[in-house]
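Here the protein sequences line up with chains U and C, keeping their order.
Counting in this note's numbering, the first sequence runs from 1 upward without gaps.
Counting in this note's numbering, the second sequence runs from 1 upward without gaps.
The hints are simulated quantities; they were obtained by calculation from the structure and are not laboratory data.
Model, not experiment: these values are computed from the prediction.
Don't be surprised by glycine CBs; every beta carbon is placed ideally from N, CA and C.
There could be a bad hint or two in this list.
Rough simulated footprint, nothing fancy, chain C against chain U, three-plus residues with beta-carbon under 8 Å [what the hints assert, rightly or not]:
#1 73-86
#2 108-115
#3 183-191
#4 200-210
#5 315-326
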Amino acid sequence: MTHDPRLRWALYCLLAVLLIALPFAVDAVLGRAWVRIIDVALLFIMLGLGLNIVVGYAGLLDLGYIAFFAVGAYCYALLASPQFDIHWSFLTLLPLGALVAAVFGVLLGAPTLRLRGDYLAIVTLGFGEIIRIFLNNLNRPVNITNGPQGITLIDPLGLGGVALNQTYTVAGITFAPVHSYYFVFLACAAAAIFISLRLEDSRIGRAWIAIREDELAASAMGINTRNLKLLAFAMGATFGGVAGGLFASFQGFISPESFTLLDSIMVLCMVVLGGMGNVGGVVLGALLLTALPEALRYAAPLQKNWLGEVYVDPSDLRMLLFGLALVLMMLFRPAGLWPSTTRRRELAGGEKAHAGR
Amino acid sequence: MDIFLQQIINGLVLGSIYALVALGYTMVYGILGLINFAHGDICMIGALTALTVAQALAAMGVPAPLALMLAALAAILVCMMLGATIERAAYRPLRQAPRLAPLITAIGVSILLQYSAALVWGKQYLSMPEIVKPTEIAISGAHLTDLQAFIFLLACAVMAGLLWFIKASRMGRAMRATEQNREVAGLMGVDVDRVIAFTFVLGSAIGAIAGLMVVLYYGIGHYFMGFMLGLKAFTAAVLGGIGNVGGAVLGGLLLGVIESLAAGYIGDLTGGALGSNYRDIFAFLVLIGVLVLRPSGLMGQSTGDRA
């Protein structure tokens, strides 16, 4: 990055123009399906950044992160759909979803954060499953979540008479729903990036990183490790809750199927692959891993051409690659594709620091 | 009364399988301080291998006991090789790395095993040929099949053998020494790398037996079956005190009984509002409960760092 402020502003403006033009360019060149993929990628950037606070900054391995996404999504879906015939505005529901997710984060964190990291991993994994089992079964005796069928006809984002699931034409430019949602998601993702960057440099962020590097030393320095770890959990959950609400309104339909362990693992992959603790790395990881399954869709015809039969289902191939990526990244490039500077130093010095034990 | 007794019997049989899997977790954790997430999936590979071999042999008309023995042998061999390979390729290079790294690797290995299995065996449920036809024995109103009795006794025999092995053999002594202090054990002439590799191989072999028991008991196998099995066995290990071999046995049996009783009675207790489809959450509730109330488990010593 350059240090000349004028040049930097010019670069930011250029980036903004590019991002605004992006959906229309993609629509024209690759088709509308790819605009949708970009929308999803923006959601995953938000999720990745939320998990990055927990895993990357505070060094707590959370394997049930998708549960917060689910909580946010169901919170929105239940209060803005014909399910109970409640139709609240997203202006209330997104903050509410964030709050409820944060409460869940604290509820999960409070009993477990006293424990060492690997227990936390298993408990969060279990928590993610519990949430999914409940969502799947809370259709009786009182029908709350509609069980495995999920909730349909969820209200789109909208203010006044303008709802984002309609196509509008403003000044000769056609805004399909995917375009409108793109701008909403872009704004939210930009906010998430901004908050993450500011958090990293803040007193809280530095405390998190201190806890990650050495919890004992951090608490000796007067850091209240338990409260700060809880805060990391709640903050990460907040990102997930907002993203969940946006997801529910974007899809118009949600079911427990969308919130499995594999989705948690996928978000974790994004953070690990891109670079734990580095905002740019997480964004890169989210973009790469959202695009990968789409690219793998071409794998089926390729196999057919070369081998005469489809041996590996593309979605299985994706999971195989995820697993392999997690192992290989940890073995050969533990700091990620785009590592943060502290993390790189820590991992490079790891051998020396631990050899004495 | 008979329902109660029946649930206890089912629980003990199920619990003995959990205990076998829990042994694999607890031995590795005791020595490396690593939760081997892939252990449940190693059991799954063992289960599916045994299932395939049994299917093939049953089709050839091999008598049941021989088919079962060969299936078990094949499963144990495959799992031992798998355990050794995983330890060598994925965990050994990371032994000095920060905590998070081997944990993430373990998750990666677990996913790799699951989807490799999906590739080999497909994603449908596979059914075990009924080579042993269970006959029922009635005990004061409850039923016990000879298959259940066989599983329970075999599990007890394996566990007793393992406890004896760790206590009495030279390798067992080396394992205990490595667990207490890896560096000092190395200074005393213990080949630490070999002991750790052996621990993985031993745990995987026991896991293979557990996997065979699962397919014998339920009659079906599936590429994703290792996930729940692993989670519950881990809970059992934590319940007994992770790192403690005797604790894993106790925790496994206890968890099996708790789960059976809870799943059996939840419908009555809540007036039918909650059914046995909530069965799988009891293990997690037990896990969270133990971690809050007594993180060192029933038989673990409370060392500040471990909890």
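Chain C covers the segment 200-210 of chain U, three or more CB atoms within 8 Å, holds or violated: violated (count 0)
Proximity test - 8 Å, beta-carbon atoms, the segment 108-115 of chain U to chain C, at least three hits: Answer holds; 4 residues pass the 8 Å Cβ test.
For the segment 183-191 of chain U, do three or more residues have a beta carbon lying closer than 8 Å to a beta carbon of chain C? It is violated: at least three residues are needed, and the segment 183-191 of chain U offers just 0 whose Cβ sits closer than 8 Å to chain C.
Please count how many residues of the segment 73-86 of chain U have a CB within 8 Å of a CB from chain C and say whether that reaches 3. Answer violated; 0 residues pass the 8 Å Cβ test.
Outcome, coverage hint (the segment 315-326 of chain U, chain C; C-beta under 8 Å; three residues): holds (count 8)
Violated hints for the displayed structure, listed by number in ascending order: 1, 3 and 4.
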